[in-house]
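Undergrad: So the chains spell out like this:
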Amino acid sequence: MKRALLLLATMLASPVAAQTVAITNATIAVGDGSAPVENGTIVFQNGRIVASGAGVAVPAGAQVIDGSGKWVAPGFVAGFSDLGIADAGGVSESNDTGARTAPFNAAIDISVAINPAEVKIANERLGGVTRAFVAPEAAGSIFAGQGAVIDLGDDAQPVTRARAFQFVELGESGGRIAGGSRPAAYAMLHDALTQAQDFRRNPAAFGGREKDSLVKRGDADALLRVLDGAMPLVVHVERASDILTVLALPRDYPKLKLVLTGVSEGWMVAREIAAARVPVIAAALADLPAQFESLGATESNVGRMRAAGVQVALASTGNNGGEHNLRQYAGNLVAITRVPGHTGLTWGEALASITSAPAAALGMEGEIGSLRAGRRADVVLWDGDPLELSSSPTAVWIDGRAQPMRSRQLQLRDRYLVPTEGALPKAYER
Amino acid sequence: MILRTLTAGRVLATGVAALSLVACSQGDARPKTASSKAAPKPYARDPYPSTYRAYPGVPTVVRNVTVFDGEGGRIDNGQVLFADGKIVAVGTSVNAPADAQVIDGTGKWVTPGVIDIHSHLGDYPTPSVQAHSDGNEATGPITADVWAEHSVWPQDPGFSRALANGGVTTLQILPGSANLMGGRSVVLKNVYSRTMQGMKFPGAPYGLKMACGENPKRVYGSKGRQPSTRMGNVAVDRATWAKAQSYRRKWDRYEADGGDMPDRDIAMDTLRGVLAGEILIQNHCYRADEMAIVEDMAKEFGYKVTAFHHAVEAYKIADVLKANGTCAAVWADWYGFKMESYDGIGENLAILERAGTCAMIHSDDENGIQRLNQEVAKVLASGRRAGINIAPEVAWKWLSLGPAKATGIADKTGSLVPGKMADVVLWNGNPFSVYTRPDKVWIDGALLYDANDPKRRPVSDFELGQPGSGDVK
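First to last, the sequence lines map onto chains A and B.
Here the first sequence stands for residues 1 to 430, where the numbers follow UniProt numbering.
Here the second sequence stands for residues 1 to 473, where the numbers follow UniProt numbering.
If you are wondering where the hints come from, they were derived from the structure by calculation, not from laboratory data.
All C-beta atoms in this analysis are idealised placements derived from N, C-alpha and C, irrespective of residue type, glycine included.
There may be inaccurate statements among the hints.
What the hints assert, rightly or not - Derived DMTMM-like pairs: lysine to aspartate or glutamate, alpha-carbon spacing no greater than 20 Å straight-line: (1) A:Lys-426 / B:Asp-289; (2) B:Lys-243 / B:Glu-255; (3) B:Lys-322 / A:Asp-87; (4) B:Lys-338 / A:Glu-421; (5) A:Lys-426 / B:Glu-290; (6) B:Lys-338 / A:Glu-93; (7) A:Lys-426 / B:Asp-319; (8) B:Lys-86 / A:Asp-87.
Stated by the list, open to error - Which stretches of chain A does chain B cover? Using the computed rule of at least three CB atoms under 8 Å from a CB of chain B, they are: (9) 160 to 166; (10) 336 to 342.
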């Protein structure tokens, strides 16, 4: 199965560059949790990392870029995001995030909607983001549908992995969608998974086309992959007690491959999450009791979970082009290590939390999210510490391909650097 | 603009007594008029007065510290002295009294407290349950009669986060943007109190929240009511201002000459205050072309737009705003979340600064208010990338003096100038670094947050006894 998935991934992959590129004399931040290496070298060719770190030889014929005074880091991995599925969040005509009145739920496959020409993709790429987990939003059902892993490359093939995970709401919002309560959401979950098993046992007898059926054939088919553990089930919950309830689900469905997201009160049950070996994609800086389900929220949540042995990645809470702020979130978790009473992350862990950790949460750490040999060459050259607010990317490669350093935002900026009209109206300046 | 604002603030602060005196003396000088007309009885301008009192502090000097004074100045290895709630001296060396508490600021920064001109804390508090949704009186497009202070829940946990993580010492609470005229704002000191009045910034003028663009026309258009278009927005505004002019004439005449008291209209009181320059217009507006129309509307009816808020396209009309003396209060990099925010760019604030337009950062968000210093840092980086180099000490004006001016309190706070309120933040590093957090925050000279002392970490009633109560946040 894994080989089949890899094959699929290869088929869907963006165009790769054959040329060998070496960046030398740079500070290399690999993204695997390790500390950055000064005076390092990274080499990539055919779209993959060949080697990175200290004492790496530059192959003959490589394009050599002097990285003196600069940093190299993996591109950031933004989960969860609406990149490619909403030109502007509030413009419903352009927005494919949720489908409130659709008869389908788990069957929804967001990968068919990804638009690589959406302007936010280039804008966010210039913020150092190279991959995103695009998730549908739950609207008519607790099951939001199947999310995709995409790249932010300037090409026509954005999908890295289609149908990469199923997303389900099981906290306050899940209860609301299911009719008004958490138990209703669990009843909906168990019923849907049971029906999926019915579908497997006897597809011919399975209805799913009746107007009032809760689980259509496509939904059942998608949920079978969840039941088999072939597709991670990403569960959004915040409250400590909700987390424990979700961690108990594998007793009924032993192959479930759970990923938790949200998880504001994760620190309160961190040992249980660690023991269950369930990865978490959490909001870094949620520190307010946004709802009653997140009363215990604190910026120490991620650090405390990490200290308890949980594998934690940071969620890109800012949809609508806020993905570039991931590095700011990560930097803040380093900042709080200097505040008495707080638990944060080391710099290396912080970078990993927005690169290799989200990749690992979906089982893709061998493909993306670090500069270790063999990974896709999603490489960003920075003019300084990539987590620091004063730094900017100076070059971006995705699958080894150099990306254009332009965006619609930069064009607007350049048009209005001098706001007054010139010899002709602004509409003639481009 | 600033002078006019401050004068208005003082008139408002001195209040009814002064107006009555003027009216009486005029009456004495003209006995005939007085005998034929009843003496005027002006309505109260400050019926929910501030009861805020500064908490006690000790004379304090911070030494060996980098100072951004909030006026654009920087002192390396400087000293800041405050006592009795006021800034006493700032310089390379100051004469501290022998009993002053001495704080070594080596490796640290001192700045004025952060002022957020656009917050909904208290009106949209957390938890964000429906029962707490008190920021939009979305039952009619003109609700100039509502006052944000009457919705403020002083137990909002958000105030504590803004203090401890953001170094926010003053904030303006605005009604939301569902309505064309959403109601009066209130300026608060970020000090917990049992009552709203206990947080109210003494002597701060009121603002009137206005909104143009998508929100009002969507909210009322979807109810089948006017306005349902941008032209409808302006039409309803103009009709309302025309009424306000008439109301103002009647009440001005009455308060000068007495006679029969005109009908009282609480909404029109607010608009009369705007026309008199006592209440400042805080106008939610995204698009450049709409801001230009609002400026003309303000001239048509004789009022001034103090600040456009959000103003994601302000960079396109920096010259127009400058010519009108209007400020822009903006995010660093929000864009793409609605049609009218589609053209947002990270250089907005930098372009405005270079054009000499009054500009500042704002949050409009219970999370963003905790990191306004970082938002400015992002602007500085974007600006540099565009060839606009702005010194960090100059940029601090966007965080304190700018918003102080645009809320009419710059004579009281917003910079480290002797005699101003000792609203001071000691940061544990460069405040424009992502790795920096507040170390201590003083408000009116009282130490109200100390990273090293859990007892100086406020816990609102709501959080008391709940999971995570008293935790670092």
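Undergrad: Run every hint past the structure and note whether it holds.
TA: Each hint, compared with the structure:
1. A:Lys-426 / B:Asp-289: holds (14 Å)
2. B:Lys-243 / B:Glu-255: Since the Cα atoms of Lys-243 (chain B) and Glu-255 (chain B) sit roughly 18 Å apart, the hinted pair holds (cutoff 20 Å).
3. B:Lys-322 / A:Asp-87: Not satisfied, since the Cα-Cα distance of roughly 32 Å exceeds 20 Å.
4. B:Lys-338 / A:Glu-421: The given pair, whose Cα atoms are some 27 Å apart, is violated under the 20 Å limit.
5. A:Lys-426 / B:Glu-290: holds (17 Å)
6. B:Lys-338 / A:Glu-93: holds (11 Å)
7. A:Lys-426 / B:Asp-319: Given pair Lys-426 (chain A), Asp-319 (chain B) holds - Cα atoms ~14 Å apart, limit 20 Å.
8. B:Lys-86 / A:Asp-87: Status violated; Cα separation ~50 Å.
9. 160 to 166: violated (count 0)
10. 336 to 342: holds (count 6)
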